[in-house]
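**Q** Chain order of the listed sequences is R and W. Everything in the first sequence is counted per the numbering used here, starting at 7 for the first residue and increasing by one. Everything in the second sequence is counted per the numbering used here, starting at 171 for the first residue and increasing by one.
To be clear, the hints were calculated from the coordinates, so they are not data collected in a lab. Incorrect hints may appear among the rest.
Listed below are the simulated BS3-like cross-link pairs for lysine-lysine, each with C-alpha atoms no more than 27 Å apart in a straight line [to be verified]:
1) K747(W) - K84(R)
2) K361(R) - K702(W)
3) K747(W) - K316(R)
4) K702(W) - K238(R)
5) K288(W) - K312(R)
6) K238(R) - K838(W)
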Amino acid sequence: MIRSFLDVHTNRDGVVDRRGFLQKLAAGATAGVVTLGWRDMMLAQAAELRKRGKKMILLWMDGGPSQFETFNPKIGSKNQGPSKAIKTNLPGVEINEFLPKTAQVMDKIALIRSMDSNESDHFRAIKLVRTGYKINPTLAYPTWGSVVAQDRYDEQFELPAFVRIGKPRIKTRDVNSGVLGARYESFKVDTPGNVPDNVIPTVEPHVLQRRLALADELDQQFSDAGAKPAVKEKKAIYDRTSRFVLSPRTKVFDLSSESDTLRDAYGRTTFGQGCLLARRLIEQDVSFVEVFSTGGRNDAGWDTHKAGFKDTPFLCSETDAGYSTLLTDLADRGLLDDTLVVWMGEFGRTPKIKKDGGRDHYAKGWITCLSGAGVKTGQVIGATDKDGVKVSERPVGVQDLFVTFCHFLGMDPRHEYTTDMDQPLALVKGGTVIKELL
Amino acid sequence: MAAVVRALLIATFIPAISPAINADGLDPAKLPGLVIDDSQATLVGTWKKSTHTPPYVKEGYVFAVGGEQTASFPFQVKESGKYRVLFSYSHGTNRCPETPVTVHHQDGEKTITIDERKPAVGLYCFHDLGEFSFEAQKAAQVITTTKGTNGSLIADAVMIVKADALKVAQADAKKNPLIAKAPAKKPTKKVPPRPIVRPKFKQLPPQRKVVKITPTQLDKMFEKRVEGSADAELIDDEGFLCRATLDIVGRQPTITELTTFAADKSPTKRAAAVDRLLALPEYGQNWANYWTDVIAARQLEPQLTFHNYQPFKKWMASEFNRNASWDSVVFDMLTAYGKVSDQPQVTFIGFHQANSHRVAGETARVFLATNIACAECHDHPFYDMPTETFHGMAAFFTRTEAKIPQLDSNGIEVKSKTKGEHKIPDKPGDMKPVAFNTKPLDLGTDDLTRRAALANWIIDGDNILFSRAYTNRIWERLIGRGFIEPVDDLTEDPDSPLPDVHKAIADHFVATGYDHQELLRLITSTHTYQRKLQNIPGNAKIPFITARTKKLRGDEVFSSLVVAVDLPNVTPPRAKKTGAVRFPPPPKSTRDLVQDAFGYDPSFPDSRIIRTMKQAMFLMNNEQIQRQIDASPKSESFLSKLLVAEQDDQLAVLKLYHAVLARSPSQKEREIVARHLAKTNDRGAAFEDLLWSLINSAEFTTRR
């Protein structure tokens, strides 16, 4: 509300377009709208800026990535398998050779090697790690993107607050906006580069506008005939929708304006191009973007029970290009300071190796990587023992992680929002902030 | 457990005539090789015995689901050499699709993955794993594990056999297939299935006196109680037909229906129209859709099974169309057992996976409009409901279980367990099944007796919650506001505006024997139902003076699009299940897409059901709809045909209004449209604009 009223702009460096702000203020004052004092306005503006400033990208490794084959190789252990470790640009920190590009941006990452969640069933783990709450058959907790979207919801904003790119590998294991309802559901882009169905008008903008005007006029008749509230509600959503579908901002979904060099660097995969789209959306002030990594070849994704030595390098190459390029690209454009980037899956994989390199589910010592938004990067938090079986240092729980998300997004984790069943629900229950990241 | 070593029985093998080779327990002595039965295997974890699906070796097989359970079959061979190794299981649809079987042989180990949903390829129930070398008198074994698997993993036996002996036995088996023997053996099965007595429905009339009520009596009550309602204007004929058609059959009237109704000069034509609508098959379908939305909104899909409500909808539709009483429909759902495909009424319990907590909470919410779920963990905070209330209800379902096969929900089966009692977490002792303050059932009561007892308590004519919950819901659908909201919680709103009117209607419903059609006839005949929409300041607060709008449900929007512009229902081909894509989601038809965008939980009050951008984008830009808006004659769209048939602009406008909004345009609307036609030189383009605007009007997706 305040944002639309003030029309405060920030440019890429976060500097306020003060002239626009003052002009609007003056206009409001003469119209008798302004009732707040100058100081109140500045505070409101600051709060609003802070709120709008921090965004989040979740890179979701669907199926549970192996910590051994990604960020926590155990060289010399019988549990490591044939892959090797490589040096990174952080002295003393090594990661798996399957992530050579990511190794060169480790200074932009805070790596947690000691996630501990005790949920090693996909369904239960996905519910936990995507919502922050343990599964509850009678309460559909919303996915985190919806929680952020409702916190940042702005009626005047032309783009959706929450965008999902790619699809979960298995549909029934999805998590949606749950008790937050349809308003905060993600806007889904199944294939990056393609604009989703029904967004692009089938007619010229002027024709659409002509039709909208006629519909408005006819709606007024229905309103006069006794349906005032229904028409008012319809008009609000059509105003917002037409602003979106007619907005030049929908160009954000078109990747063709990006250079081939950059598109290649992200990797020509759904995940890689999804990361590129995520950057474009963040540039346009979208509050939350999630990108799914599944490898695109099957519905096993990162769930590499079988053929692990074949599939994991393939999956790593997808994530390596997309993730590392996203971090540098965001940093180059000055967006990383305002964007929390999180890389994770629902759990890790067993230390014991199966025949062809497969590993089963394992919820101890899995990986989360955080970057941007003021996270203290270039460090490793926690560790597992020499064979990667137990968390030996600094176990981090899922609730701790969510409290930490709140901290960097400028949200109060104990704040209670109202569900569509009219019950109060805290953003996060339990957990403490991961101090090392501050 | 020592391995049993048996001499190879090539010479003495006589499979063809042996009565021991039947579809049930195969006799190892009659098999061509060394057999290690599951009774000789080392089982780690939770394995259960079963004889459910023959054939199997000896006295059954063992199975385990998920987790990390292993079964090892140890053995030694007498002579070194090459042998074929076979693994026996009984196949079935709920079985593990990727059973890993590891053979530890002379040169190491090899894991072979078996799809236990498919029949074994080898000999009878034995699946041939391949040829391996074994050293004489050296310990060898075959191991299987549930780790990383889904479904029921069956382990029955392992056989080690020389290749030539196997060939002989296979040839013999071909001549004397096992299956031919199976029926003869069946009756002698050790444990005959317990006969299930399907609980019988019987209507339970109330002890108290209940009377029917007429529409006139009802109107009088309103006139007395709701100030200003006596003078409120009634809706015209076109408006009535549209409203009643939407409410009863879930779509707007067709042009033919409009014309017929307009031509009817009878003074009782409104009642006659209601009767005609109640006789359409769409009537049952509409209410089946409504109840499916109510129930499905709170059912979560299991992680690898896609819920398909078609069988349930079909069943419900036929129940409504034969005007089955509501108590019998509810009784059927609560006492149902069997598979969704044969007994679709199991959907209510089965799609909750027979989880006793969920089913108890939902039974109370959906059929009694009582929220007991709050009492699951603690005493209810706002009114007197101890946590025992919840658990007493859950205990009715504690012996109900559901089998959930992967992918296809038609195979979900609701069954009874013979053991088990309900426990309140962290409290000692077993909880007896008890519904609120009634007499508890004894512990040990069997599943169906429990469920029938609960169902009978619910549908009893003296259980006022049952009739009030139902009539409140129907009233809310038809009038736009319930006596109490939300409609699934009668308990938390003490400020019902008209409790006596609600009670009168509920008693009427009981007196008619829970007759849904009679209830619709009663309500649609009242003036309260037939009032016009009006903008009265504050009428949101004073209910029932005027009619109220309501958002159409997903299927109502779809059916209205079909009536309005002949929208086709296109279903893409079903994606095949492959090795790479094991769980392809079912395809989405046009109807599904509309339901996805416009569907909502009908237990929510209208204020909680929001309009979304997805809905707006669908009507604004969806290609299938836009194709029907194409005026060029080549398109053969609904619009192009209309424009060819109706050269006169005014008549064409009238027809469009009839088709899309099911009414004639007002004088003002005619003027607006005429202005638009005059302003836009292109006739086709102008009509495209009009049709688009009508479909995208607030009115089109609103119950009015």
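**Q** Does each hint hold? Answer for all of them.
**A** Results of checking the hints against the structure:
The suggested pairing of K747(W) with K84(R) is violated, with an alpha-carbon distance near 37 Å, which exceeds 27 Å. Only pairs whose Cα atoms come within 27 Å are accepted, and K361(R) paired with K702(W) is rejected, the gap being roughly 74 Å. With a C-alpha separation of about 22 Å, the suggested pair K747(W) and K316(R) falls inside the 27 Å cut-off, and the hint holds. Restraint check for K702(W) and K238(R): satisfied, since their Cα atoms lie roughly 19 Å apart, inside the 27 Å limit.
Between K288(W) and K312(R) the CA atoms are separated by roughly 21 Å; this keeps the pair inside 27 Å, and the hint holds. Distance restraint check for K238(R) and K838(W): the Cα-Cα separation of roughly 20 Å lies within the 27 Å cut-off, and the hinted pair is therefore satisfied.
Hint violations for this structure: numbers 1 and 2, all remaining hints satisfied.
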